[in-house]
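Q: The primary structure of each chain is shown beneath.
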Amino acid sequence: DTGVSQNPRHKITKRGQNVTFRCDPISEHNRLYWYRQTLGQGPEFLTYFQNEAQLEKSRLLSDRFSAERPKGSFSTLEIQRTEQGDSAMYLCASSLSAATDTQYFGPGTRLTVL
Amino acid sequence: GENVEQHPSTLSVQEGDSAVIKCTYSDSASNYFPWYKQELGKGPQLIIDIRSNVGEKKDQRIAVTLNKTAKHFSLHITETQPEDSAVYFCAASRGNTPLVFGKGTRLSVIA
Chain A
1 DTGVSQNPRH
11 KITKRGQNVT
21 FRCDPISEHN
31 RLYWYRQTLG
41 QGPEFLTYFQ
51 NEAQLEKSRL
61 LSDRFSAERP
71 KGSFSTLEIQ
81 RTEQGDSAMY
91 LCASSLSAAT
101 DTQYFGPGTR
111 LTVL
Chain B
115 GENVEQHPST
125 LSVQEGDSAV
135 IKCTYSDSAS
145 NYFPWYKQEL
155 GKGPQLIIDI
165 RSNVGEKKDQ
175 RIAVTLNKTA
185 KHFSLHITET
195 QPEDSAVYFC
205 AASRGNTPLV
215 FGKGTRLSVI
225 A
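Going down the list, the sequences are from chains A and B. The first sequence begins at 1 in this note's numbering and counts up one residue at a time. The second sequence begins at 115 in this note's numbering and counts up one residue at a time.
Just so you know, the hints here were simulated from the structure itself, not pulled from any lab data. What you are looking at is a predicted structure, and each value in this text was computed from that prediction instead of being measured. Glycine included, each C-beta is placed from N, C-alpha and C at the ideal position. Mixed in with the good hints, there may be bad ones.
Ranges between beta-carbon positions, derived for each pair [as the list claims (entries may be wrong)]: (1) A/S27 x B/L154: 24 to 32 Å; (2) B/A184 x A/G72: 35 to 43 Å; (3) B/G115 x A/G40: 20 to 28 Å; (4) A/E68 x B/N117: 24 to 32 Å.
Next up, chain B with everything else stripped away, as it sits in the complex (with noise of 0.2 Å):
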């Protein structure tokens, strides 16, 4: 079955920085790649998804990329703000399949 990584598992950036969070998946028949953010207490609420047809995504400060050849995708966060601190977990599926998600990452901007 699908498996995902998640690195890092903890980022701290300073207010403004970049924040780049990477993972990778095993099968090679997934095709649907959400990213979701949770807050404390809070369920996951997606921010941004990629399908395998595309390599790129934006939306505002948010971006993913996706490189199926290397099976792996990334976040990309830019001018991050404190509200950006949260817990931010990539996923995988076959498309309306179950999602398959990594670890996490925990994300801590400073002021």
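Just chain A, with the same shape it has in the complex (with noise of 0.2 Å):
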């Protein structure tokens, strides 16, 4: 499969915990974004890379969440002392560069915070 995938699928942690979420984009794209997505809303936009460099945080990314794509390739999302109100599906999408506009989206992490 060529697609963007996501990694854990599922993940439930107990409220002050630490999680981590890894995204690989479709090879060779070089723009990749995280959204969230709570129950019933429409995706919102949390941050976004072109290779290794952090283009843009949304004002959704409090400080105890960071981001981090070391080499340009695959990406990883921290939440540190998670909170109930972090529920939701984490959505990884990428695109081919900064010059398209297309983009493919993961299959999700559900977070659950007990």
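These two chains come separately, so use the hints to put the complex back together.
A: As structure tokens, this is what we get:
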């Protein structure tokens, strides 16, 4: 499968724990986006990368959230000291380059904070 | 910033009928408008997109229209089938920038 992959698909954690999600974009895609989707809502932008450079962070991305893309390939999203309000689907998308606008989404990681 | 409004929030149609979903956007600089279909437990799947230099685009049973002056765009699905049942999202961006999504339309096609 050459699509965007995300792991894990589901994560259940207790409030206060740290969690980390991984996203593998489509091969050779330079842009990588993270979105968050809560029940009954559309995806909301969190942050995005051009290769290894983090270009923009949404105000939704509190200081408990950090994202990296160290080698310009896969990316990780870490949430520290999770809160119940962090429960959501975390979606990753990739696009070929800065010159292209079409974004392809992965299956998402569903986080449940107890 | 950009704001995208989508309606209706739910839509039920008989199999074989047409479905229309409408979105409006606020940022006149937006020039890229994709539509995604999301099935339960899955990520959004791109079904069609349109850029601001065209007014209409069609792909088999799916078409999208764009009115830049009024800042609205619509998704049209003809000859609906049960497998079209899903949540549909419109989005807007200035191209190669983060997408701003509508809140979604839950489409139910009744056999």
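Q: Against the earlier hints, flag every one the structure doesn't satisfy and list their numbers going up.
A: Failing hints: none at all.
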